Amino acid sequence: QSQVLVMSTTTSTEASGLLGVLLPELEKDTGIKVKVIAKGTGAALKDGMDGNVDVVFVHAKAREHEFVEQGYGTMRFAVMHNDFVIVGPPSDPAKIAGSKNAADALKKIAASAAPFISRGDDSGTHIMELDLWKSTGLPLASKVTSTTQAGQQVEKVSITPADSAKWYFSIGQGMGKTLLFADEKKGYALTDRGTYIKYKYGSDAPVDLEILCEDDPVLHNIYGVIPVNPAKHPHVKHDLAMQFCQWLVSPRGQALIGGYQLVGKQLFFPDAITVQTP
Amino acid sequence: MSLYKMEKLRAVLGNKTVLDIESLTVEKGVITAFMGPNGAGKTTLFNILAFLRRFHSGSLVFDGIPLLCSQAPPAQLRQRAVLVPQEPIMFSSSVEKNVAFGLKCRGISLAQRTKQAHKALDEVGMLGFAKAAAHRLSGGETKRVALARAIVLDPEVLLCDEPTAGVDSQNRIIILELIGRLNAQRGMTVLITSHNAPWLAGLASRMVHLDSGRIAEPFPENTFLVHPGPDGRSLFLTPDGPELVLEEPLAAAGTLTISLDPKQLALLPASLGRAADKNSLSGVITGVLLKEDRLLVTVNAGVEILISLSLAQWKAKNLGPGDIVQISIPASSIRVLPEKKPL
Amino acid sequence: MSLYKMEKLRAVLGNKTVLDIESLTVEKGVITAFMGPNGAGKTTLFNILAFLRRFHSGSLVFDGIPLLCSQAPPAQLRQRAVLVPQEPIMFSSSVEKNVAFGLKCRGISLAQRTKQAHKALDEVGMLGFAKAAAHRLSGGETKRVALARAIVLDPEVLLCDEPTAGVDSQNRIIILELIGRLNAQRGMTVLITSHNAPWLAGLASRMVHLDSGRIAEPFPENTFLVHPGPDGRSLFLTPDGPELVLEEPLAAAGTLTISLDPKQLALLPASLGRAADKNSLSGVITGVLLKEDRLLVTVNAGVEILISLSLAQWKAKNLGPGDIVQISIPASSIRVLPEKKPL
Amino acid sequence: MGFFWDSIVSALNLLLAADSELLHIVGVSLTVSSSSTLLASLAGIPLGLFLGFVNFWGKRVVITLFQTLLALPTVVVGLFVYAFISRRGIFGPFDLLYTKTAIVIGQTILIIPVVTVLTLAAISRMDRRYKDTALTLGAGPLTTARMVAWEARFGIMAAVAAAFGRVIAEVGISMMLGGNAKGFTRTMPTAMALEYDKGEFVLSIALGLILLALALGVNGFLQFFQGRARQ
Amino acid sequence: MGFFWDSIVSALNLLLAADSELLHIVGVSLTVSSSSTLLASLAGIPLGLFLGFVNFWGKRVVITLFQTLLALPTVVVGLFVYAFISRRGIFGPFDLLYTKTAIVIGQTILIIPVVTVLTLAAISRMDRRYKDTALTLGAGPLTTARMVAWEARFGIMAAVAAAFGRVIAEVGISMMLGGNAKGFTRTMPTAMALEYDKGEFVLSIALGLILLALALGVNGFLQFFQGRARQ
Ligand SMILES: Nc1ncnc2c1ncn2[C@@H]1O[C@H](COP(=O)(O)OP(=O)(O)OP(=O)(O)O)[C@@H](O)[C@H]1O
Ligand SMILES: Nc1ncnc2c1ncn2[C@@H]1O[C@H](COP(=O)(O)OP(=O)(O)OP(=O)(O)O)[C@@H](O)[C@H]1O
Ligand SMILES: [Mg+2]
Ligand SMILES: [Mg+2]
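Residue numbers (our numbering), protein chains in the order written: chain R, 1 to 278; chain Y, 279 to 621; chain A, 622 to 964; chain X, 965 to 1195; chain G, 1196 to 1426.
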């Protein structure tokens, strides 16, 4: 029982099948069993803040740093990255095929008013998408919802391109659902490459979408792992968590990550060169 | 000694006053019969006296214990009075389990309660059905098992709401005998309702008549449904039968109910009167019954008419069953009964 | 003309043969009464004859139409025969809507059916309840509305399963008269059951006796529950009552039922016999009834005993109500009745 | 428990702001779930009555199957309907996927067994005499069924209420077939699921409270009428 | 429809392989949902009986509230329980979050209203004479309630069946409180949801079919006993 580590992570690590390869090896090497709780990045981090898990494995760099700075995590290990691509229907009504500039591509999509499907769920992908929209310089609409937290009014801002009601679909679902939606609506979407490969080549009903924009350096998607701080939650298994993180960034872990392939394509690129400390 | 004491007891169902009893006492150790037409409130009263329903106002005292109309009836009193309802329902288990149920509630052991249940079933002639499914019995069988289910508890008070309706003639006698015996031997207080006046009269020490929720005079004998003639004064006992003439014309039309006072009717040998006379019917003596010190003579004149005579009067006439006679019906003996309307 | 024709009709409920009729015919336009103890199968038979239940084997022909036991009863025949069940249930709407329901099924207009429903309610004396909630009526009221609900349809065949059980004495007469009238005036075929032999005898042209599902001889009169003495040969009519002695000792112990053949009993003036004699009881004549050509004399000897005499025999004795007499009960007149067991 | 207090305050704030987005979501929720409840009742009540009244060979098996379908997972229903209405499916040309209609179809399939089984349970306990009375008075099978259903109306209403409760709070099918598209097919429960995914627990619960308030309104309304009908 | 054919074949393959992972998931599903059904029945049936029998001020309001709770969203239940059992909650030290116990707690809360409302519906249609008979024969309130419940047993069984169907196919609470952790708290529906997320539709449906087969087994078993009890 004491060898069981509880980890919350984003759905992509589990849904891509990566953990299915890593964890059995981890158990062989270290005897650590990992209880995986997969959810959205936001919820996964929240689990860490509440001390429900021993370690978090997510991809939202800015929020991860914040997490460590606020003392919820002891340190962040950069583990790997994959990249985002913009996909769309083969007919490509916005004519973005071959583009290497994501912001440009989005501008064209907005101009053509072709359907664009957004995750709309505050996930790493969604945050990336919003950053891209901001960098296009197009007018953005923001909507404020106020809630109360600990008695304080808190305002939540949600941002969409302006005047996009007809073509911008914010569906608040996972990556796979977003691709299915885009397929159905013959629309564009920002996706991580892994999920796209899975839905394009590894599915019983492959989506009819093509990669139309890739290789823009801003499209990198970086995964990090953070042990939860025992100073905040004394019960967490910090030692085990550290052991797990170190195994992930060790040559052995990194090799497994780099070697993982889906339908013959590499999905994740090992990143663990530097170990950052707060 | 009085067991139930009611004063100004009122019960309201829906928005209808179903029971409105000025004052009534039921004695301990006695069989009291409740009679009255449909809707008189007998079942409602029994439900209240079995502590199953609240009443609306007034006072009810049971064996010195006053009951409040504002509160649910006290549960512990239910152990002392058991109701056999008018339309009993069986739990869907075996007959013997149904009969043993009350004993189980009283914590009697299984062996003991099976024995007692079998004895009670035997008393109502249903022992052969002990293992049968109780909820599939016929109407009369259900009635009898329901009685067994109550008497097996040997309660202080037994309330039987029409215990013999639907019961066959042979078992009716058995049941009546049983009820009489429970009262005579164990001193059980019995309250009973029925629409069969003759046998109730034989069984009960006291008859209470209810009508429209009130204690009332007993309903008269010799009651007939009649069809008024076009003039509003003549009445026909059957569509083509004998005609009676009233003293005053009727206000209303349509069929109505009348009663003939048996004491006011005169019985004459056929030779003395003429069958064609108004208010005079001819018929055959079909029965002579001695009741207390009077004779009740039944004459079949198309319908059966009852005439009450003193023993001396009867002897003087020298008549017997099978003789043809004339009945003379004075207009004053005809009473038009009020139509029943819901309160 | 025969309306229902049954041959070897068998009905099985659960795993009990409830009905097993060799052969029976019910005539058109006639009132046929079905009598028999509880559980005889009357209700089961009526349900089959109203096309509500299947039978198990044998044949049933209705008005020339053969019915198959293998198929559900044909729905269209139900329009021709209407059942008033033993324990009727009301739809939870008003009384008048309940009565008008069948007319609605027959596509009669609202105005017309309300009018007819009111007329039928008037006939059973329930017009005052037209707007009342039908499912809240008292037992007897429900019975009467159920009858109105059937007769308003003016069916070819009316099946009444105990139409007067629970109905008050006044309305019982009204209902019987009504049933008689429907038959006499409209030629309606009526099948009726009841446990009240006397009035059924007056109403019906034919009596059919059922027992344990079979057509049977009528149940004998003078039936008593008796308690055998310790020797197995003496019987006590009541625990401390008169004693009867059998010719042969009994095999079984426990209470049992006997019948005394009214024709074998002898009636003697009190002076001629001694009350202490075995099988001789003394009592008072309480009634004399003429039935067909014989006289039925009721003697109260602790229990009521019926003696049947010819008119000549009676005249010769010169006895009358109120006289004290001796009844002599020959051992041969005592019949021990078989106990009823479920089939 | 400051958390729940926050949620209540937030719920009130949301309501007071009468946010047009919120109103749209509430509207979609109500339309979709009342439509599917209505459709499922139109199918399930007659089905339940049929199973209760008509005897046929294999009836027990059919009843068992319907009882089994009480456990119908939303993913199965979702994928099943998806296979028909996605662009590649037979009904693809109707362009139904990711519309309210699609949610209604899926939810209706989901709750037909609920309505059927509970209707059957309600009428199978009814006194047999209701049926016999209707039949002997000359009612046809439909009228007879209607009379019995009327007597069992409170049970059938409970069946419908259970079905409505099931769909108004339903997430899976609404997500899969509706797509949770903001301004189009987002319902209260999918909005809640989204806020939860984002870690916005307070907002999620606030929406849940509004949903319950809504259900309370609907039920209070029905109770009121039920109370009047009972008199 | 080759899709469904594939699913059926896959389901059979999975079953034939008697995959230990699959067996574990099935085990978790059955344990969790039968526990929560049992607990909810233990609470909901007496509650329904209580509401059916005991008159008190405000009873109609309480019934309306329970009817409203039929629409209880899984997210609300999930977050509510989460607030108590997460490390920060009062019961944090018991370490319940992401365990089977947590799912059972949440599911029990979810279906107590279902059992309560449907039990109430079942007994409120029972002939009043059952109650009166038990009372006059001297039964206390508990025995009386038990007798009436016995007479209404088929209705109550339908209530329990509906509740079981609800939880065996339940995703939201199982995800939120169980965490869908493989080898620990993964249930059939959460496994299906995961496979669906991964785009493994065939596998997802195959699991759904196995789930339905399981439910069929449970129901067939109950029907069998019900049939015997009816005789
Ligand atoms: N819930 C109710 N609402 C309105 N009226 C009612 C209700 N229950 C009973 N009644 C009426 O109250 C009256 C008395 O009913 P009750 O059953 O006490 O009569 P009863 O004397 O037992 O009649 P019966 O001889 O037919 O059995 C009847 O007229 C009946 O219609
Ligand atoms: N489903 C059943 N299973 C087993 N036995 C049954 C079933 N239904 C009825 N019976 C039995 O069949 C017999 C006939 O019942 P039925 O109701 O026809 O009698 P009945 O002549 O109408 O009696 P009553 O005079 O009491 O009304 C009864 O002994 C009853 O117990
Ligand atoms: Mg009564
Ligand atoms: Mg009968």
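The set of hints was computed from the structure by calculation and includes no laboratory data. In this text the structure is predicted, and so the values were computed from the model without any measurement. Glycine residues also receive a C-beta, built at the ideal position from the N, C-alpha and C atoms. Hints may contain errors.
What the hints assert, rightly or not - Facing chain X, from chain G, some residues (calculated, C-beta under 10 Å): (1) Ile-1203; (2) Val-1272; (3) Val-1309; (4) Ile-1363.
Hint by hint, here is what the structure shows:
At about 12 Å, the closest approach between the beta carbon of Ile-1203 of chain G and any beta carbon in chain X exceeds 10 Å, and the interface hint on this residue is violated. Satisfaction of the interface hint for Val-1272 of chain G is found here, the shortest Cβ-Cβ separation to chain X being roughly 9 Å, below the 10 Å cut-off. Because the beta carbon of Val-1309 of chain G sits about 6 Å from the nearest beta carbon in chain X, less than 10 Å, this interface hint is met. For Ile-1363 of chain G, the interface hint holds, the least distance from its beta-carbon to any beta-carbon of chain X being 5 Å, beneath 10 Å.
Hint compliance for this structure: hint 1 alone is broken.
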